[in-house]
Amino acid sequence: MEVKRPHIKSIPYEEWNDNDSLERIVDELHEGGVNVVTGSLDQLINWGRSNSLWSLTFATSCCGIEFMACGCARYDFARFGFEVTRNSPRQADLIMCAGTITHKMAPALKRLYDEMAEPKYVIAVGGCAISGGPFKSSYHVVKGIEEIVPVDVFIPGCPPRPEAIMYGMMQLQRKVKIEKFFGGANHKQTKEEAELGVSNEELTFRNKLGDHRRETIVVTDVPKDFTEELKANSQQPTANKEEQKA
Amino acid sequence: MKLDFLEFEFDKFQQGMQELKDKNHYDYLVTIVGEDFPDEGLDGKGGLGCVYILENTENHKRCAVKMMARTQVSDNGMQGSGVSDMEGQQLAYLPTVSNIWRVADLLEREVYDFYGIVFLGHPDMRRLFLRNDFKGYPFRKDWQFTDKYTLEDDREPDYGLEYYLDKDGYLQSKQNPLFGADDYVINIGPQHPATHGVLRLQTVLDGETVKRVYPHLGYIHRAIEKMWESMTYPQTLALTDRLNYLGAMQHRHALVGVIEEATGVELTERIKYIRTIMDELQRLDSHLLYTSCVAQDLGALTGMLYGMRDREHVLNVMEETTGGRLIQNYYRIGGLQADIDPNFVKNVKDLVKYLRPTIQEYMDVFGDNVITHNRLEKCGTMSLEDCINYAVTGPAGRASGWKNDVRKNHPYDMYDKVEWEQCTLSGCDSMDRYLVHINEMYQSLNIIEQLIDNIPEGDFYVKQKPIIKCPEGQWYYSVEGVAGEFGVYLDSRGDKSPYRMKMRPMGLSLVGAFDPMLRGQKIADLIATCAAIDVVIPDIDR
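Protein sequence lines, in the order shown, are assigned to chains S and V.
Take the first sequence: its letter number 175 is residue 175 in this note's numbering, and every next letter is one higher.
Take the second sequence: its letter number 121 is residue 121 in this note's numbering, and every next letter is one higher.
Hints should not be assumed to be uniformly reliable.
Straight line, CA to CA, 27 Å or less: simulated BS3-like cross-link-like pairs of lysine-lysine [said to hold, decoys possible]: (1) Lys136/S x Lys174/V; (2) Lys120/S x Lys9/S; (3) Lys211/V x Lys226/V; (4) Lys175/S x Lys143/S; (5) Lys120/S x Lys143/S; (6) Lys417/V x Lys136/S; (7) Lys143/S x Lys174/V; (8) Lys469/V x Lys136/S; (9) Lys143/S x Lys346/V; (10) Lys346/V x Lys136/S; (11) Lys226/V x Lys143/S; (12) Lys417/V x Lys2/V; (13) Lys346/V x Lys272/V; (14) Lys141/V x Lys143/S; (15) Lys522/V x Lys272/V; (16) Lys136/S x Lys135/V; (17) Lys226/V x Lys174/V; (18) Lys136/S x Lys148/V; (19) Lys211/V x Lys522/V.
Derived by calculation from the structure, the hints in this document are not laboratory data.
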């Protein structure tokens, strides 16, 4: 049983942009063969997952307002199951990175991505998130969030219109629909992505202490009063014993 | 306004500034512009310095003071500078004015962050926008460009530095702790749904009561002002729309305004009419989103959907002429990008007819609600005197009775030829800030109604030279933005790109006012105040 072509209501498969990359993913999945039972379960689960994509509210600038407009009366992306936005990364399926990411914000974005539970997705909305956009020559702007987190869908525009944002969300739906939830990788991490998956704390500690997975941590600068206190504590019980003997 | 600078001797600077405030009533500090002056300047000497722009709130006269910083080589004797690479470096310093105008607190930290000028007597010299491990001061002309960054967490000091001169005249510093030993500190932001973007408020709490608020900015600092210095004048325009994206028209208006004033462009009546109408449409757009967001932040989702529904009508009208929904890129130096759409007049009239009764709906569904009143009244109060001192301009200041509308005080385009009222209230709290916004929407409709039928014939664009060069000099031009005064300072050296251009963001002084507004209030009031004061973070960080 093979992974089926993703089907989105009202837009025929041929009319979508970038079908090639989707077909590549499907081919990769076919390499190992698919079990009939888990394959059917996959379809059921992916149907549910793709129609309830909850995004983290992560809006830094202009694109965030267009994202808000998507959620309101005129565009109303509740029609597609996107309307639930979460303020906690633990409860979110994807980050809509709507806006410029600066050097000061980069660790926060990374941390939020790390805190999300797999399977997780990233959508880069607007020129700034894709490449730095109009602020490419600035000293304080990250030239595309792909340097920090792996991106699933890019939505170009400055800012993209709500229609474009919804098209991008539906592209992600298609991507979700061809995934194997059982027996395959949920979110196929490449080597580079795995490399990126080091948490901020880890990076900070590595810088301070070296890569602690390889080196043992030796505490050298123990405060004096702390060692004295330890000694005093260890001596006290023996002193009590002596008293008892006496 | 072309700027003529007053100058003081270094030792008499603070005294002189105090006199300007006390005797000449210059009690509103508009902005402080840090600048790396070139050597061949007007007075022959270059180096780091500051330009202070002041306003007299009685007769709305403005003046500018220029002050050059002195330098001293910092040595090992300086205690606790906190930055080890400071030793042996030239350290520029100026006396602080943060004890005269409270708004200078954040403004001086901004200058320190970008230029490395330390302010003697300022209690809290920390970086404001950039990370603490940032090397150098990026706005200095000799700064080596680098855009390397790290994903490590920033290590923030828990003290502010206070610099002073000891009795021998040497520069010294001491540490002022930011927090007490038992303080409970909570971070709101940088990624929080109620801060309207990536603002971070470090809040010191006692139980539920706010003891102190430290704003941390720069999470969306894109260094627009630095980028401008390497762009030609027409290129600079594209970036202003991305500041407060809800006030795109006004921001660009201030920028083209200052360049047009410097180059002496005479605009046609048609341009002025259209610009005024567009500014007011933009104000409607922003205020509609504002009313929506206040409702949403207080948990009234219905109120939000009403505002967002009507905002789309405003966007439709603007889009048909400008081609953009949110970011229009409509004004350019010498006029407009394109003439108005044939349907524009009719569409605007329909919009005005539709909106006038609809605004009452927001009041019915949210504004007049007893819960809203209980929630917003006496929340985040600030008196008139403090508002001026902290430079809380815009609707927030007008809610305390400060008549600070730039459209009235320094009229531009058609604003002195139409009849409209400046809305001021006296409640000084968040409720009145909301009501001022509601009233201003009616005034915007009034202005549009008076102009829309009489747009005169004429050119929509006055042809400019292919390469625009501003003559030497300094200018400041301000417009009434959606949340306060928005101004642009231009220092031109006769080139095709600006030597220094600096914005007066609307939100920076508002954020600086959070601390005095919220001390002693509950932490939930912080969210309500933040919503009702209308801050948009990309505008603050630039």
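**Asked** Hey, lysine 120/S versus lysine 9/S, does the alpha-carbon distance stay inside 27 Å?
**Response** Holds, at about 24 Å.
**Request:** Would you mind confirming whether the straight-line C-alpha gap from lysine 522/V to lysine 272/V stays at or under 27 Å?
**Result:** violated (46 Å)
**Request:** Sort out whether lysine 272/V lies within 27 Å of lysine 346/V, counting only the CA atoms.
**Result:** Answer holds: lysine 346/V to lysine 272/V is near 19 Å, not above 27 Å.
**Message:** lysine 143/S and lysine 174/V were given as a pair; does the straight-line alpha-carbon distance stay at or below 27 Å?
**Reply:** violated (39 Å)
**Prompt:** When you check the alpha-carbon spacing of lysine 175/S and lysine 143/S, does it fall within 27 Å?
**Reply:** With a Cα-Cα distance of about 25 Å, the restraint between lysine 175/S and lysine 143/S holds, given a limit of 27 Å.
**Asked** Within 27 Å, alpha carbon to alpha carbon, are lysine 136/S and lysine 148/V?
**Response** This hinted pair holds, its Cα atoms lying about 13 Å apart.
**Asked** For the pair supplied as a hint, lysine 143/S and lysine 346/V, is the alpha-carbon distance within the 27 Å limit?
**Response** violated (43 Å)
**Asked** Do the alpha carbons of lysine 469/V and lysine 136/S lie within 27 Å of each other, as the hint requires?
**Response** holds (25 Å)
**Item:** Holds or violated: lysine 141/V to lysine 143/S, with C-alpha atoms at most 27 Å apart
**Value:** With Cα atoms ~23 Å apart, lysine 141/V and lysine 143/S stay inside 27 Å; holds.
**Prompt:** Does lysine 136/S lie within 27 Å of lysine 417/V when you go C-alpha to C-alpha?
**Reply:** This hinted pair is violated, its Cα atoms lying about 42 Å apart.
**Asked** Straight-line Cα separation of lysine 136/S and lysine 174/V no greater than 27 Å?
**Response** Outside the cut-off at roughly 39 Å; violated.
**Request:** Given the hint that lysine 120/S pairs with lysine 143/S, test it: the Cα-Cα distance must not exceed 27 Å.
**Result:** Holds, at roughly 22 Å.
Checked against the numbered hints given earlier, the structure breaks hints 1, 3, 6, 7, 9, 10, 15, 17 and satisfies all the rest.
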